[in-house]
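Asker: Single-letter residue listing:
There are 2 protein chains.
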Amino acid sequence: MHVLILGADGYLGWPTAMYFSQKGWNVTAVDNYFRRNACTELDVGMLYPLPSLQERAQLWYELTGHEIKVIIGDIAEPEICRSLFTGTRPYNWAKDTSFTGLPEVIVHYAEQPSAPYSLLNYHYADVTVTNNLRVTNNLMFAVRDLCPTAHLVKLGTMGEYGTPNIDIEEGWIDIEHKGRKDTFLFPRQASSLYHTTKIMDTDLLWFGTRTWNLRVTDLMQGPVYGIDTYESEQNERLRTLFNYDEIFGTVINRFITQAIAGYPLTVYGKGGQQRGYINIKDTLQCVYKAAENPPDAGRLKIYNQIMETYSVNELAELTQKAARKAGYKVTINHIDNPRKEAEDHYYNPQHQGLLDLGVLPHYLTEESMLEMIRTVEKFRKNIRKDVIFRGIKW
Amino acid sequence: MHVLILGADGYLGWPTAMYFSQKGWNVTAVDNYFRRNACTELDVGMLYPLPSLQERAQLWYELTGHEIKVIIGDIAEPEICRSLFTGTRPYNWAKDTSFTGLPEVIVHYAEQPSAPYSLLNYHYADVTVTNNLRVTNNLMFAVRDLCPTAHLVKLGTMGEYGTPNIDIEEGWIDIEHKGRKDTFLFPRQASSLYHTTKIMDTDLLWFGTRTWNLRVTDLMQGPVYGIDTYESEQNERLRTLFNYDEIFGTVINRFITQAIAGYPLTVYGKGGQQRGYINIKDTLQCVYKAAENPPDAGRLKIYNQIMETYSVNELAELTQKAARKAGYKVTINHIDNPRKEAEDHYYNPQHQGLLDLGVLPHYLTEESMLEMIRTVEKFRKNIRKDVIFRGIKW
Chain L
1 MHVLILGADG YLGWPTAMYF SQKGWNVTAV DNYFRRNACT ELDVGMLYPL
51 PSLQERAQLW YELTGHEIKV IIGDIAEPEI CRSLFTGTRP YNWAKDTSFT
101 GLPEVIVHYA EQPSAPYSLL NYHYADVTVT NNLRVTNNLM FAVRDLCPTA
151 HLVKLGTMGE YGTPNIDIEE GWIDIEHKGR KDTFLFPRQA SSLYHTTKIM
201 DTDLLWFGTR TWNLRVTDLM QGPVYGIDTY ESEQNERLRT LFNYDEIFGT
251 VINRFITQAI AGYPLTVYGK GGQQRGYINI KDTLQCVYKA AENPPDAGRL
301 KIYNQIMETY SVNELAELTQ KAARKAGYKV TINHIDNPRK EAEDHYYNPQ
351 HQGLLDLGVL PHYLTEESML EMIRTVEKFR KNIRKDVIFR GIKW
Chain P
1 MHVLILGADG YLGWPTAMYF SQKGWNVTAV DNYFRRNACT ELDVGMLYPL
51 PSLQERAQLW YELTGHEIKV IIGDIAEPEI CRSLFTGTRP YNWAKDTSFT
101 GLPEVIVHYA EQPSAPYSLL NYHYADVTVT NNLRVTNNLM FAVRDLCPTA
151 HLVKLGTMGE YGTPNIDIEE GWIDIEHKGR KDTFLFPRQA SSLYHTTKIM
201 DTDLLWFGTR TWNLRVTDLM QGPVYGIDTY ESEQNERLRT LFNYDEIFGT
251 VINRFITQAI AGYPLTVYGK GGQQRGYINI KDTLQCVYKA AENPPDAGRL
301 KIYNQIMETY SVNELAELTQ KAARKAGYKV TINHIDNPRK EAEDHYYNPQ
351 HQGLLDLGVL PHYLTEESML EMIRTVEKFR KNIRKDVIFR GIKW
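For the protein sequence lines, the chains are L and P, in the order given.
Going letter by letter, the first sequence gives residues 1 to 394 in the numbering used here.
Going letter by letter, the second sequence gives residues 1 to 394 in the numbering used here.
Just chain L, with the same shape it has in the complex (with noise of 0.2 angstroms):
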């Protein structure tokens, strides 16, 4: 079994390259070093540096004898993104590499996954909207031309449904109107500039799925925390990027680096606001089983992909009281909102299907947040104090 990852040199695609290289599955791993990129353009620091991802794909085949296969270029342009598919590389193509294959399974991180970074300005977030957007639709296309019986698994994020006040189903709802019924995607309404291009992807998605008969997998996952997975353990150059920083970073990482450096946690507004949470070892795990599971061709299947849910007041305390246990003294800060988002709000996902796909969760508790403290604060010395907080709003 082949499958291309895309965005390969992500935050969750490396480690995802890994997981299904342990697998026994052949690798392709595909980026245009964005995110990267992007982190040295904004200044945005990192905990750590970060090995190529050539060089990490030839760590973890002299670790493992696993071949991990590597493309550098911007699959936004249709026909750097079409070559995937048949190994005919454009005039653009840095470094000669050879065709991998079809996969049967394509994994699709390669978008600007940042809220903040979306609305910095007008140019980043024509930067997220044309990049996020050109990439589903020349992808699809691609895939309906050249692959059409591949398995797309698509990261979505539960911030397309934002903060509605009635229950969010997986993806779908029924709908009875002056007594007429009808299913449809469940309404989505974000709070983000970056969460809507999600949305827009969804839509796009679930056209070409419809029409052509595609299979599509979207998976609409809440923030992700952690560092290490199982794999990334055998060599510690195995790791993923880590960001600690307001735009990157996701909420439960940038706490605790916070709290290691001695910088209060910056709660926003009331601190009301409700998310679902996961691991970033169960991210692998439901990616896996999802990509394992296709829909039938021509059905759109959504999960949620979510573990638990915490307010952010209940993540700074538990932030506060792991670091304590470490020898911490964390202080919390409520401050102006910068963002305009509901504060305190009905918050009842449902997130039963990948547990039924068997996904195994990893909770947040105290001990699982003392063990990321262990393995950030060996990089304590790296943290940038200056880029915690930036101000941005919207």
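FYI, nobody ran anything at the bench for these hints, they're computed from the structure.
A few of these clues could be false.
Residues from chain P shown here face chain L by an in silico Cβ test under 10 angstroms; the list is partial [unchecked claim]:
| no. | residue |
| --- | --- |
| 1 | 122 |
| 2 | 136 |
| 3 | 147 |
| 4 | 165 |
| 5 | 173 |
| 6 | 179 |
| 7 | 185 |
| 8 | 188 |
| 9 | 200 |
| 10 | 210 |
| 11 | 281 |
| 12 | 325 |
Note that the Cβ used here is the ideal one computed from N, Cα and C, for glycine as well.
For chain L, the structure is supplied; the task is to place chain P on it using the hints.
Answerer: For chain P alone, kept in the frame of chain L given last:
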């Protein structure tokens, strides 16, 4: 009052520019000549040659004394889009054009408007997604940053709703689910890529509207028919473009031309596809009435811009009857549906909002069809039968 018309060289753009100008508004007409260039590139023919936007503005000025200022540039590019609101023209500006001042109203037609174009192949799909989303997004940010109190009147499409099995409301629906309630955008599920980009536009603008208190009206328009408007009747060189081909021609305009050319009316499949239709004269009324009635800041107002509904079979029969009166013998040819769409479905869209604002409908009748036939047959020798049907499939 000052209105920016974006996409002013298009089928609706130019008549809208004249309509506002006639009403005494200062009009700035903006286009990048996408539509006429695409017609040339794809060799689809037009019923008669089209003077440039500048030539038409000059003629309009000579006839009425009203000035329509013309700006040629591609507003998918953020710097060019923003220059409309600052007057600071970026480097890629061919002709010096002075700043026309901030508008009170912006009418946004600046999109690739054809479903078959969007699905010709992956290249045209990429062009459609990139153009339509970038224009809407960059315009939204330009308005937010530079002209936040302006009223943005956006052309959407009834095609966003598709053909659901429930009544179609004007943009919004109250949903009760498991004992709880909320209000959402009406569920949307379109039958082409082009129509899907319009769904995405609505999602984008709803995000911007509620986040930054913009004023946006989204007009869900059905297929438009017609040629002359009251303004264009002053001189035939003021007429808007007229396409009768499969890519850019709307169904009634195509049927009338086919009847005159002795080309059987091509009905896709069973012909039970129902849609809402509108005369081009009513489009102008609707856009104007909508412009005059801005929503409160932070509200997205949605109108369903149609005057009546017909099935394709009914349109074919009406064309046949009207053409018979003009001496044409017309046959109807049911062909295998080249599209994936329901051919027999429930369809009950609400469309009271614009009537409540005072729009006075022109309905489709044998007489109004006969009038169109009399205009189109003046150009009978220009009609190219080879461009009427190309068999574009999806």
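Asker: Now tell me, hint by hint, if it's right for this structure.
Answerer: Here's how the hints hold up against the structure:
The interface hint given for residue 122 (chain P) is met, as the beta carbon of that residue sits about 4 angstroms from the closest beta carbon of chain L, less than 10 angstroms. Given hint, residue 136 (chain P) at the interface with chain L, holds; its Cβ is 9 angstroms from that chain's nearest Cβ, closer than 10 angstroms. A distance limit of 10 angstroms between C-beta atoms decides the matter here; for residue 147 (chain P) the minimum to chain L is near 13 angstroms, and the interface restraint is violated. The criterion of a C-beta within 10 angstroms of any C-beta in chain L is met by residue 165 (chain P), whose closest approach is roughly 4 angstroms, and the hint holds.
Nearest Cβ of chain L to the Cβ of residue 173 (chain P): about 7 angstroms, under the 10 angstroms cut. The hint holds. Because the smallest distance between the Cβ of residue 179 (chain P) and any Cβ of chain L comes to about 9 angstroms, under 10 angstroms, the interface hint for this residue holds. Checking residue 185 (chain P) against chain L by beta carbon gives a least distance of about 7 angstroms; that is within 10 angstroms, so the hint holds. With its C-beta approaching chain L no nearer than about 8 angstroms, residue 188 (chain P) sits inside the 10 angstroms limit, and its interface hint holds.
Given the 10 angstroms rule on beta carbons, the hint for residue 200 (chain P) holds: about 4 angstroms separates it from the nearest Cβ of chain L. A hinted interface residue such as residue 210 (chain P) counts as satisfied when its beta carbon comes closer than 10 angstroms to some beta carbon of chain L; here the least separation is about 8 angstroms, so the hint holds. This hint is violated: residue 281 (chain P) has a C-beta 32 angstroms from the nearest C-beta of chain L, more than the 10 angstroms allowed. Interface restraint check: residue 325 (chain P) against chain L, minimum CB-CB distance 39 angstroms, threshold 10 angstroms, status violated.
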